[in-house]
Amino acid sequence: MSVAQKTRHYILENILFTDDESVMNDSYSFLEMGIIDSTGILELIYFLEEEFGVKVDDTEMIPENLDSIDNIAAFVTKKRTQATET
Amino acid sequence: MTESPILSARVLNLDCGREVKKIATSLRDALASRLHRRGLVVAISGGIDSSVSAALSVQAIGAKKVFGLLLPEKDSSPESLSLGKKLAEQLGITYLVQDIGPALEAIGCYQWRDEAIKSEFPDFTPEWKSKIRISGGAEGRYNRFLLVVQSPAGEVSEKPLGLKTYLQIVAATSYKQRIRKTIEYFHADRLNYAVVGTPNRLEYDQGFFVKNGDGSADVKPISHLYKSQVYQLAEHLGIAGEIRRATPTTDTYSLPQGQDEFYFSLPYKEMDIALWAYNHHVATAGLAQFLGVSEEAAQAIYKDIETKRTTTRYLHMPPVMVEPVTEINI
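The listed protein sequences correspond, in order, to chains A and B.
Numbering-wise (our numbering), the first sequence opens with residue 23 and increments by one.
Numbering-wise (our numbering), the second sequence opens with residue 720 and increments by one.
Rather than coming from a laboratory, the hints here were simulated on the basis of the structure.
Just so you know, even glycine gets a beta-carbon here, dropped at the ideal spot from N, CA and C.
A hint or two may mislead.
Claimed, not checked - Each computed DSS-like pair below joins lysine-lysine, with the alpha-carbon atoms no more than 30 Å apart:
#: 1; chain 1: B; residue 1: Lys848; chain 2: A; residue 2: Lys28
#: 2; chain 1: A; residue 1: Lys28; chain 2: B; residue 2: Lys793
#: 3; chain 1: B; residue 1: Lys883; chain 2: A; residue 2: Lys100
#: 4; chain 1: B; residue 1: Lys804; chain 2: B; residue 2: Lys793
#: 5; chain 1: B; residue 1: Lys805; chain 2: A; residue 2: Lys101
#: 6; chain 1: B; residue 1: Lys804; chain 2: A; residue 2: Lys77
#: 7; chain 1: B; residue 1: Lys883; chain 2: B; residue 2: Lys848
#: 8; chain 1: B; residue 1: Lys793; chain 2: A; residue 2: Lys101
#: 9; chain 1: B; residue 1: Lys883; chain 2: A; residue 2: Lys101
#: 10; chain 1: B; residue 1: Lys837; chain 2: B; residue 2: Lys878
#: 11; chain 1: A; residue 1: Lys77; chain 2: B; residue 2: Lys1022
#: 12; chain 1: B; residue 1: Lys939; chain 2: A; residue 2: Lys28
#: 13; chain 1: B; residue 1: Lys883; chain 2: A; residue 2: Lys77
#: 14; chain 1: A; residue 1: Lys100; chain 2: B; residue 2: Lys878
#: 15; chain 1: A; residue 1: Lys77; chain 2: B; residue 2: Lys848
#: 16; chain 1: B; residue 1: Lys783; chain 2: B; residue 2: Lys939
#: 17; chain 1: B; residue 1: Lys837; chain 2: A; residue 2: Lys77
#: 18; chain 1: A; residue 1: Lys100; chain 2: B; residue 2: Lys1022
#: 19; chain 1: B; residue 1: Lys1022; chain 2: B; residue 2: Lys805
Said to hold, decoys possible - Here are the simulated distance ranges between beta carbons:
#: 20; chain 1: B; residue 1: Lys883; chain 2: A; residue 2: Thr99; range: 20 to 30 Å
#: 21; chain 1: A; residue 1: Gln27; chain 2: B; residue 2: Asn1048; range: 28 to 38 Å
#: 22; chain 1: A; residue 1: Glu35; chain 2: B; residue 2: Ala959; range: 50 to 60 Å
Please model the complete structure; the sequences and the hints are all you need to start from.
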């Protein structure tokens, strides 16, 4: 499964309590949807760190990296690429 | 398009005499017509908000019908207790001091908290001190919580908190506000009084309270007032200078913790203006100019206000019901 698929599955199962994929698309802003609060962000980071082995630094905790499935997929991919290059 | 109001500290100026009358009338009306209780219980922390709330209660219904509670525990400052006692005596109200430390000990508050701290700092013992501080919101990032500890030798270390540790520390610490509220309601029931909640507008709006803890009350006399306005009322009501000059703290963690480092992204005077500006649709350029920060920084402050308002909505919510029970109209 891709990063986007795994993240979507995580959000549907643990936050929205549904398996109906039509309730959100990958570009939806979590903040605008009102589904992620400050604890939700910590949960999301915990999920990303556990699932994809990436470390989210303080400076990376911005909506551009974490506020939608698209943003997360791009962020995780970038982090993994950086890790392979170093 | 309407012109953006010009910001100045004067926007928060209160007509204190009129405000006191308005609040006193509202408290009397609430007791007489809605709550049907005969007096008010106020927990006094020694801080500005509870001091002003207690003084307003006395203004509304007289000292004889106000019961004060001072509820220290081992992490609250002895200074707060002494200020609280002085206030109660100055107001001439009956009050009781109850150390809630043994109740917190028995319920596991300190044990759960320390266990979580030890998972981050294995050398931590009850002799160490600790606090949580917030970071990120004012810089346009998501807020992250950092755990700060101090060893008995005075060495300070800090770490960003992971999910489980953060939740456990906050849950354990919230026992303090919830145990206090349980005691407030015991006395309210015993006396047939109502419980006064003491959040100011910043705390109420931004969700800086514990659900079913300090967020719970029958009346909230200052929840519409910005903190700077609470200070104006304090002066008007003759609250002692030592209370008015003290730096606002949470008085919840063993290390001194300013409210701005725990929750708000700015010191209260600036936070007040920022919230007022946000509520009155002042353009970010106006806020930036007033605070002497970049427009980007002002934008981040507005965003932080908006995010906190949205994400703490749960704290204000009554229980969700499957269907309304229409026969019950409150």
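Structure-based check of all given hints:
| no. | hint | in the structure |
| --- | --- | --- |
| 1 | B:Lys848 <-> A:Lys28 | violated, 40 Å |
| 2 | A:Lys28 <-> B:Lys793 | violated, 46 Å |
| 3 | B:Lys883 <-> A:Lys100 | holds, 27 Å |
| 4 | B:Lys804 <-> B:Lys793 | holds, 17 Å |
| 5 | B:Lys805 <-> A:Lys101 | violated, 57 Å |
| 6 | B:Lys804 <-> A:Lys77 | violated, 49 Å |
| 7 | B:Lys883 <-> B:Lys848 | holds, 20 Å |
| 8 | B:Lys793 <-> A:Lys101 | violated, 45 Å |
| 9 | B:Lys883 <-> A:Lys101 | holds, 24 Å |
| 10 | B:Lys837 <-> B:Lys878 | holds, 12 Å |
| 11 | A:Lys77 <-> B:Lys1022 | holds, 25 Å |
| 12 | B:Lys939 <-> A:Lys28 | violated, 45 Å |
| 13 | B:Lys883 <-> A:Lys77 | holds, 16 Å |
| 14 | A:Lys100 <-> B:Lys878 | holds, 25 Å |
| 15 | A:Lys77 <-> B:Lys848 | holds, 28 Å |
| 16 | B:Lys783 <-> B:Lys939 | holds, 20 Å |
| 17 | B:Lys837 <-> A:Lys77 | holds, 22 Å |
| 18 | A:Lys100 <-> B:Lys1022 | holds, 26 Å |
| 19 | B:Lys1022 <-> B:Lys805 | violated, 40 Å |
| 20 | B:Lys883 <-> A:Thr99: 20 to 30 Å | holds, 27 Å |
| 21 | A:Gln27 <-> B:Asn1048: 28 to 38 Å | violated, 48 Å |
| 22 | A:Glu35 <-> B:Ala959: 50 to 60 Å | holds, 55 Å |
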